[in-house]
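Chemist: Spelled out, the chains give:
4 protein chains.
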Amino acid sequence: MTEKISENSYVLLYLNSRRSYLVKVEKEKKLHTHKGFIELGELIGKEYGARILSSTGVEFVALKPQLRDYIFKSQRKTQINYPKDIALIVMFSGIGPGSRVVEAGTGTGALTTALAFYVKPSGRVFTYEIREEFIETARKNLTRANLTEYVEIKHKDITEGIDEKNVDAVILDMATPWLVVPHAYEALKPSGAFVSFSPTIDQVVKTVEALEQNGFIDIQTVECLTRGMQVKRGKTRPQTLMTAHTGYITHARKASRPTP
Amino acid sequence: MTEKISENSYVLLYLNSRRSYLVKVEKEKKLHTHKGFIELGELIGKEYGARILSSTGVEFVALKPQLRDYIFKSQRKTQINYPKDIALIVMFSGIGPGSRVVEAGTGTGALTTALAFYVKPSGRVFTYEIREEFIETARKNLTRANLTEYVEIKHKDITEGIDEKNVDAVILDMATPWLVVPHAYEALKPSGAFVSFSPTIDQVVKTVEALEQNGFIDIQTVECLTRGMQVKRGKTRPQTLMTAHTGYITHARKASRPTP
Amino acid sequence: MTEKISENSYVLLYLNSRRSYLVKVEKEKKLHTHKGFIELGELIGKEYGARILSSTGVEFVALKPQLRDYIFKSQRKTQINYPKDIALIVMFSGIGPGSRVVEAGTGTGALTTALAFYVKPSGRVFTYEIREEFIETARKNLTRANLTEYVEIKHKDITEGIDEKNVDAVILDMATPWLVVPHAYEALKPSGAFVSFSPTIDQVVKTVEALEQNGFIDIQTVECLTRGMQVKRGKTRPQTLMTAHTGYITHARKASRPTP
Amino acid sequence: MTEKISENSYVLLYLNSRRSYLVKVEKEKKLHTHKGFIELGELIGKEYGARILSSTGVEFVALKPQLRDYIFKSQRKTQINYPKDIALIVMFSGIGPGSRVVEAGTGTGALTTALAFYVKPSGRVFTYEIREEFIETARKNLTRANLTEYVEIKHKDITEGIDEKNVDAVILDMATPWLVVPHAYEALKPSGAFVSFSPTIDQVVKTVEALEQNGFIDIQTVECLTRGMQVKRGKTRPQTLMTAHTGYITHARKASRPTP
Numbered sequence: 001m002t003e004k005i006s007e008n009s010y011v012l013l014y015l016n017s018r019r020s021y022l023v024k025v026e027k028e029k030k031l032h033t034h035k036g037f038i039e040l041g042e043l044i045g046k047e048y049g050a051r052i053l054s055s056t057g058v059e060f061v062a063l064k065p066q067l068r069d070y071i072f073k074s075q076r077k078t079q080i081n082y083p084k085d086i087a088l089i090v091m092f093s094g095i096g097p098g099s100r101v102v103e104a105g106t107g108t109g110a111l112t113t114a115l116a117f118y119v120k121p122s123g124r125v126f127t128y129e130i131r132e133e134f135i136e137t138a139r140k141n142l143t144r145a146n147l148t149e150y151v152e153i154k155h156k157d158i159t160e161g162i163d164e165k166n167v168d169a170v171i172l173d174m175a176t177p178w179l180v181v182p183h184a185y186e187a188l189k190p191s192g193a194f195v196s197f198s199p200t201i202d203q204v205v206k207t208v209e210a211l212e213q214n215g216f217i218d219i220q221t222v223e224c225l226t227r228g229m230q231v232k233r234g235k236t237r238p239q240t241l242m243t244a245h246t247g248y249i250t251h252a253r254k255a256s257r258p259t260p
Numbered sequence: 001m002t003e004k005i006s007e008n009s010y011v012l013l014y015l016n017s018r019r020s021y022l023v024k025v026e027k028e029k030k031l032h033t034h035k036g037f038i039e040l041g042e043l044i045g046k047e048y049g050a051r052i053l054s055s056t057g058v059e060f061v062a063l064k065p066q067l068r069d070y071i072f073k074s075q076r077k078t079q080i081n082y083p084k085d086i087a088l089i090v091m092f093s094g095i096g097p098g099s100r101v102v103e104a105g106t107g108t109g110a111l112t113t114a115l116a117f118y119v120k121p122s123g124r125v126f127t128y129e130i131r132e133e134f135i136e137t138a139r140k141n142l143t144r145a146n147l148t149e150y151v152e153i154k155h156k157d158i159t160e161g162i163d164e165k166n167v168d169a170v171i172l173d174m175a176t177p178w179l180v181v182p183h184a185y186e187a188l189k190p191s192g193a194f195v196s197f198s199p200t201i202d203q204v205v206k207t208v209e210a211l212e213q214n215g216f217i218d219i220q221t222v223e224c225l226t227r228g229m230q231v232k233r234g235k236t237r238p239q240t241l242m243t244a245h246t247g248y249i250t251h252a253r254k255a256s257r258p259t260p
Numbered sequence: 001m002t003e004k005i006s007e008n009s010y011v012l013l014y015l016n017s018r019r020s021y022l023v024k025v026e027k028e029k030k031l032h033t034h035k036g037f038i039e040l041g042e043l044i045g046k047e048y049g050a051r052i053l054s055s056t057g058v059e060f061v062a063l064k065p066q067l068r069d070y071i072f073k074s075q076r077k078t079q080i081n082y083p084k085d086i087a088l089i090v091m092f093s094g095i096g097p098g099s100r101v102v103e104a105g106t107g108t109g110a111l112t113t114a115l116a117f118y119v120k121p122s123g124r125v126f127t128y129e130i131r132e133e134f135i136e137t138a139r140k141n142l143t144r145a146n147l148t149e150y151v152e153i154k155h156k157d158i159t160e161g162i163d164e165k166n167v168d169a170v171i172l173d174m175a176t177p178w179l180v181v182p183h184a185y186e187a188l189k190p191s192g193a194f195v196s197f198s199p200t201i202d203q204v205v206k207t208v209e210a211l212e213q214n215g216f217i218d219i220q221t222v223e224c225l226t227r228g229m230q231v232k233r234g235k236t237r238p239q240t241l242m243t244a245h246t247g248y249i250t251h252a253r254k255a256s257r258p259t260p
Numbered sequence: 001m002t003e004k005i006s007e008n009s010y011v012l013l014y015l016n017s018r019r020s021y022l023v024k025v026e027k028e029k030k031l032h033t034h035k036g037f038i039e040l041g042e043l044i045g046k047e048y049g050a051r052i053l054s055s056t057g058v059e060f061v062a063l064k065p066q067l068r069d070y071i072f073k074s075q076r077k078t079q080i081n082y083p084k085d086i087a088l089i090v091m092f093s094g095i096g097p098g099s100r101v102v103e104a105g106t107g108t109g110a111l112t113t114a115l116a117f118y119v120k121p122s123g124r125v126f127t128y129e130i131r132e133e134f135i136e137t138a139r140k141n142l143t144r145a146n147l148t149e150y151v152e153i154k155h156k157d158i159t160e161g162i163d164e165k166n167v168d169a170v171i172l173d174m175a176t177p178w179l180v181v182p183h184a185y186e187a188l189k190p191s192g193a194f195v196s197f198s199p200t201i202d203q204v205v206k207t208v209e210a211l212e213q214n215g216f217i218d219i220q221t222v223e224c225l226t227r228g229m230q231v232k233r234g235k236t237r238p239q240t241l242m243t244a245h246t247g248y249i250t251h252a253r254k255a256s257r258p259t260p
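Residue numbers (my numbering), protein chains in the order written: chain A, 1 to 260; chain B, 1 to 260; chain C, 1 to 260; chain D, 1 to 260.
Errors might be hidden in some of the hints.
In this list, chains with the same sequence are indistinguishable; a pair is considered to hold if it fits within one copy or across any two.
Claimed, not checked - Below 30 Å or equal to it, Euclidean Cα-Cα: the simulated DSS-like pairs (lysine-lysine) are: (1) Lys165 to Lys29; (2) Lys29 to Lys235; (3) Lys29 to Lys206; (4) Lys140 to Lys232; (5) Lys232 to Lys30; (6) Lys165 to Lys24; (7) Lys206 to Lys27; (8) Lys73 to Lys189; (9) Lys30 to Lys156; (10) Lys30 to Lys46; (11) Lys189 to Lys235; (12) Lys235 to Lys4; (13) Lys235 to Lys46; (14) Lys29 to Lys189; (15) Lys232 to Lys4; (16) Lys232 to Lys29.
No lab work stands behind these hints: they were computed from the structure.
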């Protein structure tokens, strides 16, 4: 028995690879697009994956949103977190169902959403944010993805300290990650993971130096590039444009303090 | 209270960024390395992250293995699955705790390990493999990572059909993924995800064509490149060599059948 | 004694890294820009590199055009040739001052301009183009770069044969390079170079097969990616967007016919 | 009438894409390879491109060396200059037949060889090198490529000044390019080009700052990556390994001094 679209659930209305809409299904609501409008109420009771026509007869598909749809469609008031980077950050952090994770800054909650998704149901994300205006946005995005219960949003400056102890990972996407390194060491369980995402080389150098001076080992920095392919028999080729840079990912693991 | 290293648990003995050892801790066992041997029994009762000296006085750190250590250290009788690719495959598949996933081929179980890690504890991985010699290796690798209870290994040819219904994702790393596309459509729940990893362009073209002909939408193919940085104040630069290609990742989502 | 800007010569009026203008200096002519107009006649008698103010007081620099300025500023009625690709094509072709080169198709003459620039004064470029509308454009671009005397433009279909013999290189940027391979073998001097630029994989495969079947050796295909850096102390990072693909460069050398 | 192989000329004995030998043809000389030896005297009077069998019956092809063969086969006592980088350096420098160029350091003469090749016959390369042991190597490499008459090797420290005036380009591949920037400004003709190749970010930042402070404009830094393709019908794919980094190329043009 397959899951049906219900009122107040979210669907991704997919038009083509460049255009899709993440919307809440409500009875009397219309979604207006450049291809006409869609009566969202008509979706209630249908299966996910259903095809629906707009008022001008153009076909959309009502997909069940995935994690990456929630990430992509986060309100972009702050730096974008790319799925490729989030995927690698999750991998390098070693987190999974049940993990306890500290994150900063929260921003619009794109990375927070991913962390909560992977640690649920028994894990927790503790996310620090100093800019009050972001906290509301992040909370909305987490609510939409149905993940609020796994996250504690903290209106606090993480460079002044981390409240939690014995966490599995500390994950940073902020301007001055190197200031958090000593606090991360204290918060992490032995052998725990540190991951930081930074756009500039200078941030990377300062962070790596702080890690070296604070008992971390297995320190590595990588950048990740993804390139799309245009696939068509006899005409296959890479796409014309690509994102050249988002940021560097630095990761490390906590060792016990060296004996002096 | 932090977790201690116990007998029969695994540790990653880390020497440096190029050399580390994934070993089972047993009382009378020695690990022999080019830097002398290590008495593994001495680790019992220590915290993860502990520093230990080899017989020649060289320091190792006893880390708690992460998912990517289990992946990297899979016995390589078959194609290697890179953490970067596994991370993206997991992201594009949309799976998480509780998901039900079909995979083929099992190979040494590197990707299987990752899938089981992310769907546990309530999800399941159904993995198909026709080559009997791999099944034992995969089982050993899953046992080592303590993930066997979340996986059902099936000695079957997936090109002849998929037993499961209503699964969240079908994930393929095999020579002829296009032959599985119609079966994947039947096995997937509405809006479910298809992901395939292939080294050659020709495989990609055939797979994309099969997806287009079988009711899938949002079909995309990407390749992922990661490049390490050598970080040192005043001398920072990208690394000299990198992996230029592992494979292309094609992903898509199941729509309802078009009305004729 | 340095060269002065004279009437009817070309200058590159440089505003910033995104905006510059390749113009002919004429007495009564004005260049209109979004930063006001420039009296071109005022440049006559000045040194190249001179700074000049527009009518609104914005500074431009009157640079002497380089080869890559002529290439970039070719009228783009056809596919763009990127400096990076042209640079590699020239390198792989082995041509230099004095070389005799066959090229097809001429297009707007961007690659032709580069070839003529490097083979002058004693070399020659024989360039084939079937589309009459391009020939005039190419001629204008070559005139502007002062290179017409080194080029013979031929309104002919190169897939039907090459008139020249004993040439140093055959260089192709056209839809069906594989059809030219047998003619290239006949036209090339022993050990001469073949270079072809193609956007799609399919073109590459057909061309490589034709080369293998026609006595060529040292057959290699590469793609070239360039990424800009944003350099600023403390904020250095790669640029955000880049060209992901222009085309593949296939090159090879003529060996004597194998003895049967 | 085609050119024949003569005594004392150089040939590239090509075995396959991984193995080739740049040798001087002498009457009684043998080339010893892991596939048997080749009697070099037998090549005299043959056409370039001729196939020849080794003592064990393996076929080699006697190609006429191209510029990139001379570059690749330079004795590698110093940093390697890659053809991709040399091709871009030449393009960005704007040099061609007749140009006058200053270069430092000479190293083994790989880049010098390319510069001389493109500026001949009427241009000149003035190359500075402080390490005496390299000068002899560079001279040998230039002699082999038959380019000595276009080059003046100077045993001098370029950071102390450039003797030449009114040159078309200054091209640097050395540890401290920023120290040369003021001298480059004096040596260059108006609108002349500066190009520098550096492995590390720190070198790039210092060089760009020096350029900004010394009247240069159009300052850009790029890195170039090339990736080979394995082309085979039905199995085409990028190669497995690639060079991830050689260096960054910074280029700029001289403007007149800003009026204070």
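Chemist: Next, verify each hint and record whether it holds.
Modeler: Each hint, compared with the structure:
With identical chains, the CA atoms of Lys165 and Lys29 are never at most 30 Å apart, being 46 Å at best within one copy and 34 Å at best between copies. When the C-alpha separation of Lys29 and Lys235 is checked against a cutoff of 30 Å, the pair qualifies neither within a copy, at 42 Å, nor between copies, at 46 Å. Taking the shortest Cα distances, Lys29 and Lys206 never come within 30 Å of each other, neither inside one copy (50 Å) nor across copies (41 Å). Proximity of Lys140 to Lys232 under the C-alpha cut-off of 30 Å is found in neither arrangement, the shortest distances being 40 Å within a copy and 37 Å between copies.
When the C-alpha separation of Lys232 and Lys30 is checked against a cutoff of 30 Å, the pair qualifies neither within a copy, at 35 Å, nor between copies, at 48 Å. For a Cα distance limit of 30 Å, the shortest separation of Lys165 from Lys24 across copies, 28 Å, qualifies, whereas the shortest one inside one copy, 38 Å, does not. In this homomeric assembly, Lys206 and Lys27 never come within 30 Å of each other (Cα to Cα): the closest approach is 53 Å inside a single copy and 42 Å across copies. For a Cα distance limit of 30 Å, the shortest separation of Lys73 from Lys189 across copies, 23 Å, qualifies, whereas the shortest one inside one copy, 33 Å, does not.
When the C-alpha separation of Lys30 and Lys156 is checked against a cutoff of 30 Å, the pair qualifies neither within a copy, at 39 Å, nor between copies, at 48 Å. Taking the shortest alpha-carbon separations for Lys30 and Lys46, only the intra-copy value of 17 Å comes in at or below 30 Å, while the best inter-copy value is 61 Å. Taking CA atoms no more than 30 Å apart as the test, Lys189 paired with Lys235 passes in neither setting, with 52 Å inside one copy and 32 Å between copies. With identical chains, the CA atoms of Lys235 and Lys4 are never at most 30 Å apart, being 39 Å at best within one copy and 42 Å at best between copies.
Neither within a single protomer nor between protomers do Lys235 and Lys46 lie at most 30 Å apart by alpha-carbon distance, with minima of 37 Å and 43 Å respectively. When the C-alpha separation of Lys29 and Lys189 is checked against a cutoff of 30 Å, the pair qualifies only between copies, where the shortest distance is 27 Å, while the shortest distance within a copy is 49 Å. Neither within a single protomer nor between protomers do Lys232 and Lys4 lie at most 30 Å apart by alpha-carbon distance, with minima of 34 Å and 47 Å respectively. Proximity of Lys232 and Lys29 under a CA criterion of 30 Å is satisfied in neither setting, with 38 Å inside one chain copy and 49 Å between copies.
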